[in-house]
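Peer 1: Sequence:
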Amino acid sequence: MNGAQVSAFQANSGIAPSAMATVLVGVVFAVLLVWGVWA
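Heads up: the sequence shown begins at 246 in our numbering, then just goes up one per residue.
Heads up, a few of these hints could be off.
Here are the simulated distance ranges between beta carbons [to be verified]:
| hint | residue 1 | residue 2 | range |
| --- | --- | --- | --- |
| 1 | 252 | 272 | 20 to 26 Å |
| 2 | 269 | 248 | 17 to 23 Å |
| 3 | 272 | 247 | 23 to 29 Å |
| 4 | 273 | 251 | 18 to 24 Å |
| 5 | 255 | 284 | 34 to 40 Å |
| 6 | 276 | 254 | 20 to 26 Å |
| 7 | 253 | 280 | 33 to 39 Å |
| 8 | 253 | 273 | 24 to 30 Å |
Read the hints as simulated data drawn from the structure, not as lab findings. Here the structure is a predicted model, which means the values were calculated and not measured. Think of the CB as a built atom: it goes at the ideal place given N, C-alpha and C, for glycine as much as any other residue.
Please put together the full structure from these sequences, using the hints given.
Peer 2: Structure (structure tokens):
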């Protein structure tokens, strides 16, 4: 993303794109972990 896209994203969501990516990766790992334990 370029600078304008990053600022627009932060203005709309209130979250930095890097923080959003970290949360997304965390959710993916949590789902895989739960699925692995359940299976």
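Peer 1: Hint by hint, say whether it matches the structure.
Peer 2: Hints, one by one, checked against the model:
In this structure, residue 252 and residue 272 meet the distance hint of 20 to 26 Å, their C-beta atoms being roughly 25 Å apart. Between residue 269 and residue 248 the CB atoms are about 22 Å apart, so this pair conforms to the stated range of 17 to 23 Å. A hinted range of 23 to 29 Å for the beta carbons of residue 272 and residue 247 is consistent with their spacing of about 26 Å. Restraint check, residue 273 to residue 251: a C-beta distance of roughly 22 Å satisfies the suggested window 18 to 24 Å.
About 38 Å separates the C-beta atoms of residue 255 and residue 284, a value consistent with the hinted range of 34 to 40 Å. Separated by about 24 Å at the C-beta atoms, residue 276 and residue 254 satisfy the suggested range of 20 to 26 Å. A beta carbon spacing of about 35 Å between residue 253 and residue 280 agrees with the range 33 to 39 Å that was offered as a hint. For residue 253 and residue 273, the Cβ-Cβ distance of about 25 Å falls inside the hinted range of 24 to 30 Å, so the restraint holds.
Going down the numbered hints, you'll see the structure goes against none, and every one checks out.
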